[in-house]
Structures are given as structure tokens and as C-alpha cells.
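The residues making up each chain are set out below.
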Amino acid sequence: MLSACLLLSFIASPAFAQANQQADAAPLQFNSAAEEARFHALTLQLRCVMCQNQSLADSNALIALQLRREVLDLMRQGKNDEQIKDYLVQRYGEFVLYKPKLEGGTLLLWIGPAVVLLAGAGVVAAIVRRRKSPGAPANGDDGQEW
Amino acid sequence: MKPSRWLPLAAFALLAVLLAAGVWMSRKPDRDALPSPLLGKPAPEFALPVLHDPGYTVKLSDLRGQPFLLNVWGSWCVECRVEHPVLTKFAETKRVRVVGYNWKDEPADALRWLEQFGNPFMVVLSDVEGRTALDWGVYGAPETFLVDGKGIVRWKHVGPLTDEIIAKELLPLVTKIEAER
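Residue numbers (the numbering used here), protein chains in the order written: chain V, 1 to 146; chain A, 1 to 181.
Just so you know, the hints here were simulated from the structure itself, not pulled from any lab data. Glycine is no exception: its CB is placed at the ideal position from the N, C-alpha and C atoms. Mixed in with the good hints, there may be bad ones.
[Stated by the list, open to error] Label pairs and their calculated CB-CB ranges:
no.: 1; chain 1: V; residue 1: 109; chain 2: A; residue 2: 54; range: 41 to 51 Å
no.: 2; chain 1: A; residue 1: 56; chain 2: V; residue 2: 107; range: 47 to 57 Å
no.: 3; chain 1: A; residue 1: 21; chain 2: V; residue 2: 107; range: 47 to 57 Å
no.: 4; chain 1: V; residue 1: 111; chain 2: A; residue 2: 112; range: 47 to 57 Å
no.: 5; chain 1: V; residue 1: 58; chain 2: A; residue 2: 149; range: 41 to 51 Å
no.: 6; chain 1: V; residue 1: 98; chain 2: A; residue 2: 25; range: 19 to 29 Å
no.: 7; chain 1: A; residue 1: 10; chain 2: V; residue 2: 113; range: 31 to 41 Å
no.: 8; chain 1: A; residue 1: 85; chain 2: V; residue 2: 33; range: 51 to 61 Å
no.: 9; chain 1: V; residue 1: 33; chain 2: A; residue 2: 12; range: 49 to 59 Å
no.: 10; chain 1: A; residue 1: 89; chain 2: V; residue 2: 118; range: 54 to 64 Å
no.: 11; chain 1: V; residue 1: 113; chain 2: A; residue 2: 135; range: 34 to 44 Å
no.: 12; chain 1: A; residue 1: 78; chain 2: V; residue 2: 34; range: 35 to 45 Å
no.: 13; chain 1: A; residue 1: 118; chain 2: V; residue 2: 55; range: 33 to 43 Å
no.: 14; chain 1: A; residue 1: 62; chain 2: V; residue 2: 118; range: 51 to 61 Å
Here chain V stands alone, though its shape is the one from the complex (with noise of 0.2 Å):
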């Protein structure tokens, strides 16, 4: 029992998790708090290729890895967060971006929510307008149960 314990710990445990992975040799150098804090604003809006509900901030793929050392590089070679991300999508489309740009393609994704949104408040508006509407029973059988 004891060792079936120890074992489920050890199997639980961080570091058996990090076996298959690479350690971080040399974890990312920053010249600047500003540089740093541009870094983790911009990698928090970039989605991680691998495990895809993270961000690039978040995750610990081996290629999340070199991508946050490959958006430092080109932060320091004077890129802007536009081609930064351009350099991304390029190479792994879209996808990358956790706020799509404004496209045919992307345009439900920006716009449906508010359509959602506006047909919800078209349903409530016309209940409460029925309700209000002359000639209807003060005690509508809507609300009796209430």
C-alpha cells in the first residue's frame, strides 16, 4: 500500500511530468522590465501550436519554448507586435492569433456574439412589451406560478 502510495507520487509528481520533455536550458533574459512586461503582454495574445487552449505565455510544449525565444528575438531586432505576429501567422496561420483579424472568414467569429446578443434583447423586448400590451389579463398565466 505504502509503496502503491509512493509510487502514485512519484507518478504525480512534477517532475516525472517534465521527463519527456526538454528543461528549459537556459530560461529567457530579460534587458528590462519593459522589455519584459511587452513580452508577456504579447506572448499572452499569441495561442500556443501545440497544446492549443494555452497561450504562448502559459505553455510548456517544446515549441511554445522556442517560439517565446524566437518572438524575443525579434522583439530585439526592433520588430513591432504587428510584424511579430505577421512572422507568426505566416508560418502557422491564423490560429495563432487569439484575436482574429477582421476578415470574410473571421467575421462571424467578431460579429455573432452581438447578433446573439441583439436576438436576446429582441425576445425580452417583445415579451415585455406583450406583457405591458393593453387588453392582456393583469395576471397573465405566464407569471402565476411565480
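Chain V is already provided as a structure; the job is to place chain A on it using the hints.
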């Protein structure tokens, strides 16, 4: 019936259809595979050392003229071992040149892997740093690209190749590319 009676039901039915569509669309095993923005575009230029002869460099232009398959693998990659027999069988048909792309691997490990399982590749390129792979949008192994004789990326598959994928996707495309020439 009054609208207030059937409206919730309709809303529920709509949501159920939406959910069913989501489940249906996610049934594919490669649902996480990203479409490559390179498709239909010229393959990114590269110059990489040959695994078996690091003093010798192969450039993309050296492979021009005929289509080739670029297979990204690493000795650390479990799925690559699954894929290996399939790839070997395909390479032996000599239908298309199969170029190996050894990604983020120690050359010694890669050589040992090929010795153990066999080498299906015409040539194996070595990218220890993985810098060139970024240009190709590689994010995992195995990944396989089909590049035509003009150097245009025509197809990409993420994950291990299977006999079915080769028969249904790759071979018809190779036939099409050959007919274009």
C-alpha cells in the same frame, strides 16, 4: 399554441443541433491538426546538413524537378515509430522521393534509431536547433509535406501516416502532380 410555449423548445432544439454538430465535427482523429498556411505556396528555402555526412549541405533547390515527400521525425517521437513501417513500405514503392527531416534530435540518437529500425529515406536532413522547422510551421512530429517539382507545397499531414491516408490522399495527389507536367 402560444409562442411562449414553443419558443423554449425551439431554442433547446437549436442548441441540441448545435451541440450534435460540434460532436460530429470533432469525431475526426486529426481534429487538432492545423491547416498549413504554406499550401499552394513556395516551400520555405532551407540549407541543412546531411545527417550521415554533416559536412554536406542540401538546399531546397537541390531537390527541384521531381516531387518529394518531407517527413519530419525525431528519435524521441513515439508516433514516428508507429509511422515507420508505413513510411518504409511507401518508400520502397519508389513512387516519390522520401526525404527525412530529423528535428531537434541528437545526431547520434537519430543514427542509432535509423540503424535499429531501418532507413527508408533517400537523404536525412538534420535540424538540431529546429530553427528552419519554424519556417515550415512544424509544431510536432511526425509531420509530412508533399512538395512538387516546382517547389510548391501541395499537401501536409500532421500525425503519423497510415496506409489509408497514403492511398486516399497522397497517391491521388501525386498522380495529379505527375499529370500536370
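Broken hints, numbered, in rising order?
3 and 7
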